[in-house]
Amino acid sequence: MEKFALYPGCVMPTEQYAYEMSIREVIPKLGVELIDLKNFSCCGEPIKSVNQMMTLTLSARNIAIAEKQNLDIFAPCPMCHLALTETKKILDSDEIMFDRINNLLKDEDLTYKGSSKIISILDLLYDIVGTEKIKKLVKKPLKDLKVAVHYGCHLIRPSEIGRSDDSENPQKIDKILKEIGANPEYYPEKLDCCGALLSTNLPESGLTKTGQKLKSVQEQGFDAFVDTCPWCHRQYDAKQVKAGETVAAKLEMPVFYLTQLIGMSFGIPEEKLGLKLNQSPVEKIGVEK
Amino acid sequence: MNKKIGVFVCHCGINISSTVDVEQLTEFAKTLDNVVVSKNYKYMCSDNGAKLIKESIVKNKLDSVVIACCSPRMHEQTFRGVVESGKVNPFNLEIANIREQCSWAHSDKELATKKAKAIVKSAVAKAHLLEPLVKSKIKVTPNALVIGGGIAGIQASLDLAEKGLKVYLVEKSPSIGGRMAQLDKTFPTLDCSGCILTPKMMDVGNHPNIELMTYSELVSVDGSVGNYTVRIREKARFVDMVKCTGCLACVDACRLKGRIPSEFDMKMGKRGAIYVPFPQAIPLKGTIDSESCLMLTRGKCGTGPLCVEACEPGAIDFKQKDKEKEIKVGAIIIATGYDVLDPSSMYEYSYSNSKDVITSLEMERLINSSGPTVGEILRPSDSKKPKSVTYLLCVGSRDETECTWCCRIGCMSALKQMYLLKEKLGDEVELNICYTDIRSFGKGYEEFYRNIRGMNTNFFRGRPSEVRNAGEHLTIDIFDTTTNKLFEINTDLVVLVPALVPRYDSGELAHIMRLSQSSDGFYLEAHPKLRPMDTLTNGIFIAGCCQGPKDIQDTVSHASGAASRASVILSQEEMDIDPQIAIVDVDLCSGCKVCISICPYNAIESVEEEIDGKIVTHAQVNEALCMGCGSCVSACTSGALQHKGFKDKQILAMIAAVGDY
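These protein sequence lines are chains G and D, in that order. Mapping of the first sequence onto my numbering: residues 165 to 453, in sequence order. Mapping of the second sequence onto my numbering: residues 366 to 1026, in sequence order.
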């Protein structure tokens, strides 16, 4: 059985419980053990523009904790995954930075070695587990569910540091959805921004981005909207009604985490997948709330 | 006997002297064994420098000369001439490279001077062991091979043929004409491309000195400058070239007429299985596409092949086979042109996602009156006239993820097409162009650009992040950096102006011809400024876009230049061979033949010889073929092979000399 240290980040364990619940249900069924480690801290990404040294130190510290246990890290939040990956990329190629950061980690008796891999939700589901294995566990295929896939930005950009899918034509979520019976379709706004990163300084503009995308998806007759990022999900799910107001639309789009849809197709009870916590109208596609 | 050696240190302006203490170096040289004179001068390669060297040679009765200067690739030939003028064998010269390998590479003057001393000391050690070499001569075959029948190949062939030289022009496709034949008008004069090209094509077809070999490919090249043996495969056309009169009745008759995407029309139009790529093709003969023809793929074509019925002279021959032919030439010009980058790789521009996103070369076929729409501008999705057309420049060009270089023709070709679209669609058509910079650098180009800007057109400076297929139309978000505003363009037809890239099979040809490619994949010139038509292989030249993107006028100049360079070789009856080649010591050779398998030029053979009553098998170097690469020398286990300019004892002396550093 493959083992990974689960790096939860901040958004998932403090408000996006449904993501964590569905991950803890679905991933072990696919033959992957998730290990919880103590003392993980912030990934550092939100302060990168102010203090990159701090970001590198925080990320390296988290990686070092996993390396002490000889574990690779599974970071379901794409933003955390980006921070950890970028840090690894810098420290593995820059000896001076490697020494500086390790000097800072000494107080905690930690060492960044560069031995652990950083795994995203897509790496895990598509590349490590694989669609074959997912297909075998499907009990209730999501028949004819027309799904709009949202990849978000951190999972696929910036491509030069190595991300989980193609930055302009990502397909892995679409392929997984097809295996569980759903019908992911192309829409022109597929790669549009969710607006989450504008929520601190330009909240109105952020919500407009959210609203524009959902409005267009709704107009194109999609049954559901799926994402894998807790930041995106917060925009599309919890803030959906407000986002609709900014674009003068009544939005009623069921929004799911990818792991929730996979769990549903596996026949996992809805309450275990945290579906009751989704604030968008998931009942529209038969989810009991 | 001890040789008398002179050392000459060049300042190279300040290129060397700012990092290396040339006075100190000159004094140091005087202390070395056998050095009888040491001098320095600002520019050794100048007339005064040459005079200084020559006078020192004569005055001091020098046997060998060391010049501490730039790389031997720059001036070794120049200095050999200088040494010869002082009545010393030109190969008794050793260059100590203290510029590229010392002053340019370092900044610490003290250490650089120390290194320069080591380089000079080592060169002096070799100079002591240099041996005079004599150039030998070979006969030159006065024929040329030109590969590629686009405008570059056409121009080069005509230039050489006019000089009275025999030219073989090999073209891969069924007709010559190349990319220029696909264009409608040329910028900035708006000449009809076909009208100015066709007379040249006919000249090629009719010239007594040109043997045209279309639908043919290169198989192998052996030999070296002055004497190449080339094998060429003439692919089966399944049409007898002698019997065919070019009436084209077969083309009209073909059962598959109008069903196979035409390569010439960039797949915007269709052809049959037997076809002529375009009406002005040279030679004007039918060609059967063996991958589509029903007779050739299934052995059956309805009740009988219609082309055979239609052909009065009986020229169709389904049994025809590929033929190989061997020719002998003295020089080769490569003019294989370019490909247009397939924009599908840039998914964000929706080229594979919408029929109404086309490339500028595809647009060229739409504009052309002999093209698939007979010159009408119709959008591919619904065959309606577009009310708005948007050009995207630099698609894949000047882009670190695709092609870093500028395509040099994109801006002007788009401006030209915009002019033609206004003519064809009327002034009310909305024309947008998203550009990075407009590069209108040629004669008359800037004026043409100004003219288009003055017309009713919209210029946006920026690169759109995406072209969206919104069903009926396409949408583009463009941030215009001249106004700092974001614009949303709704448009009917998007024309991508893609990067120019090397031909898809340029690597294969490079392998056959033993050519180097630069990092972008285009063929590498011997010197970017001073030898732009030469390759690093003597006797092989490059013309046109196979060397890098060019417009038509630059291509024609380049091609004429290449022809002129080739004729320098071809107009000599005999030519000198560099004596710095490999030599075999028969006494040491064990006859193991390892060198034969290693030699990239097939210059070594195994021979049997009677020596002191015994038959001995040993390697023998063909002086005309050996390029002096040294591969055999390093492979030889018995030390029997030596390079005349770099003998083991010379190299070991150089290493020993720097042992103290």
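Since the hints were derived computationally from the structure, they do not count as laboratory data. Take these hints with a grain of salt, some might be off.
Here are some, though not all, of the chain G residues that point toward chain D, as calculated from beta-carbon distances under 7 angstroms [to be verified]: (1) 332; (2) 333; (3) 431.
Every residue, glycine too, gets a C-beta built ideally from N, C-alpha and C.
Status of the hints after comparison with the structure:
With 7 angstroms as the threshold, the beta carbon of residue 332 of chain G comes within range of chain D, its nearest partner Cβ sitting at about 4 angstroms, so the hint holds. Proximity of residue 333 of chain G to chain D holds as hinted, the smallest CB-CB distance being about 4 angstroms (cut-off 7 angstroms). Look at residue 431 of chain G: its Cβ only gets to about 36 angstroms from chain D, farther than 7 angstroms, so that hint breaks.
The structure is inconsistent with hint 3 alone, although it conforms to all the rest.
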